[in-house]
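In order, the protein sequences belong to chains B and U.
Number 112 in the numbering used here belongs to position 112 of the first sequence; there are no gaps in the numbering.
Number 225 in the numbering used here belongs to position 225 of the second sequence; there are no gaps in the numbering.
Since the hints were made in silico from the structure, they are not lab data.
Positions of the beta carbon are idealized from the N, C-alpha and C atoms, including for glycine.
Do not take every clue at face value.
To be verified - Pairwise CB distance ranges, derived in the manner of DEER restraints:
id: 1; chain 1: U; residue 1: Arg88; chain 2: B; residue 2: Ala138; range: 39 to 47 Å
id: 2; chain 1: B; residue 1: Leu21; chain 2: U; residue 2: Arg78; range: 19 to 27 Å
id: 3; chain 1: U; residue 1: Pro211; chain 2: B; residue 2: Leu21; range: 44 to 52 Å
id: 4; chain 1: U; residue 1: Arg78; chain 2: B; residue 2: Asp159; range: 50 to 58 Å
To be verified - Where chain B lies over chain U, by a calculated footprint (3+ residues, C-beta under 8 Å):
id: 5; stretch: 81-93
id: 6; stretch: 125-137
id: 7; stretch: 163-172
id: 8; stretch: 177-191
id: 9; stretch: 223-229
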Amino acid sequence: MKDGLYGGAALVAAYLLFCLLRPLSGTLDPVVDVFTAAVLLFGAFRGEIPGAVFGAVCGLLVDAFSLGVFGLAGLSLTAGGYLAGTISRKINIQAFFRSLLFFLILSAGTFAAWTGLVALIGRSPMPWAGGWILARPAVTAVAAALLYDFVRRLKTRHDR
Amino acid sequence: MPRFLKEHRKGLALAGLMSLQALILSFQVPMGQDASFLERTAFAVFSPVQSGVRSVFRGIGRIWSRYVHLRGVEDRNRESLDEILRLRLENSVLREGLGRLENREEAAAFLGSLEKAFILAEVVGIDAVNPHKSIVINRGASHGLQNQMPVVDSQGRLVGRIVPPLGPKEATVQLITDNLSSVGVEGVEHPVPGMLNGDPGSGTCRLAYVPASDVSLVEGETLVTNGFDGIFPEGLPAGTIISVRTDGSLFKKIAVRPVFNVRRPAVVAVLTGSKGEGG
Numbered sequence: 001m002k003d004g005l006y007g008g009a010a011l012v013a014a015y016l017l018f019c020l021l022r023p024l025s026g027t028l029d030p031v032v033d034v035f036t037a038a039v040l041l042f043g044a045f046r047g048e049i050p051g052a053v054f055g056a057v058c059g060l061l062v063d064a065f066s067l068g069v070f071g072l073a074g075l076s077l078t079a080g081g082y083l084a085g086t087i088s089r090k091i092n093i094q095a096f097f098r099s100l101l102f103f104l105i106l107s108a109g110t111f112a113a114w115t116g117l118v119a120l121i122g123r124s125p126m127p128w129a130g131g132w133i134l135a136r137p138a139v140t141a142v143a144a145a146l147l148y149d150f151v152r153r154l155k156t157r158h159d160r
Numbered sequence: 001m002p003r004f005l006k007e008h009r010k011g012l013a014l015a016g017l018m019s020l021q022a023l024i025l026s027f028q029v030p031m032g033q034d035a036s037f038l039e040r041t042a043f044a045v046f047s048p049v050q051s052g053v054r055s056v057f058r059g060i061g062r063i064w065s066r067y068v069h070l071r072g073v074e075d076r077n078r079e080s081l082d083e084i085l086r087l088r089l090e091n092s093v094l095r096e097g098l099g100r101l102e103n104r105e106e107a108a109a110f111l112g113s114l115e116k117a118f119i120l121a122e123v124v125g126i127d128a129v130n131p132h133k134s135i136v137i138n139r140g141a142s143h144g145l146q147n148q149m150p151v152v153d154s155q156g157r158l159v160g161r162i163v164p165p166l167g168p169k170e171a172t173v174q175l176i177t178d179n180l181s182s183v184g185v186e187g188v189e190h191p192v193p194g195m196l197n198g199d200p201g202s203g204t205c206r207l208a209y210v211p212a213s214d215v216s217l218v219e220g221e222t223l224v225t226n227g228f229d230g231i232f233p234e235g236l237p238a239g240t241i242i243s244v245r246t247d248g249s250l251f252k253k254i255a256v257r258p259v260f261n262v263r264r265p266a267v268v269a270v271l272t273g274s275k276g277e278g279g
């Protein structure tokens, strides 16, 4: 129940941020990936099952607002959310640079899975944006690590 | 709960979710079918949020200009701009239509039909994966929009067409830069017909099926719709040729830069009167 409420709130927040950033990001549209950052963060905070479910919902939402095969982003984000939940429980990602590396590896993996699926099933050219799309995992990782650190500090202060 | 399920609960949940997504993917075979119920539902539920977010920020931005700075001027300016846009589009449709009419009665009937010729809409969203594939506008089925209706920008230049999912208040527009888009076009100076296909990787288009033996189409030539596709009316500016080359195949490789500009939120017009007329 608690996971559902948190998931709903996170989904609304991610979607509002997406709506806000999308028209503002100009030519760097493909670099900003709000949903991957949200899924990895949710998985890291709430665990593998909520992470996978949240990834599936976010992925289907992304696909609903894109022409092409419905379900492609869902597959990669489901796996991303699940792995974020599993790995974050097995290693220590409390330090900022550890979490940055953790999010970088996962966002790169999610990006690679999505790119592969688009090439195999979607048969649609990637929005390269002059190569800037390759910066997506790094931008996503930095955003996720900063937010993770911020929320973790807030929680620590609140618990005291 | 059986022990096996208990022990492998997490793995089974992941497998279930992945299978669900694979099932959704399999429903879309063959490609080209209408949007699924789930896709239409997600679009219908969340698309008003885009309009809402845009309205909120537009409203905040207007507070200064509307109530503090130059009260009333902004309103009049906006009305004038809308009127200019309407007249420009009307002029474009008139010129295109009148050119095809042969007598006074036909002209009178055509002018009477102009009232319902187009619907103005604002761009409220851009494709979530690739900005060169589609946009979302704040007019939908309840405003009379239907699939396949052509969409032009404020200068009357071709933007794309309405495709599923079509919501009651919002609609998806497939841009001519989408790889699944095909538009029948020809040159203004040299009316050689071809098919304009999108290339969302670069945000440009390709002109296909122009024989390698043709020497008339060159860089800088403007392409307009020819109506052969049965979707887009003839005479809409679609793009400009940026390169022409041959590689030994039957057809030329022609790159085209689209003439529309919807990179920033803008007003577009849906040509409701021209659906299905196509030439």
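A quick look at each hint next to the structure:
no., hint, in the structure
1, U:Arg88 - B:Ala138: 39 to 47 Å, "44 Å, holds"
2, B:Leu21 - U:Arg78: 19 to 27 Å, "26 Å, holds"
3, U:Pro211 - B:Leu21: 44 to 52 Å, "45 Å, holds"
4, U:Arg78 - B:Asp159: 50 to 58 Å, "52 Å, holds"
5, 81-93, "violated (count 0)"
6, 125-137, "holds (count 11)"
7, 163-172, "holds (count 3)"
8, 177-191, "holds (count 3)"
9, 223-229, "violated (count 0)"
In this structure, the earlier hints numbered 5, 9 are contradicted, and the remaining ones agree with it.
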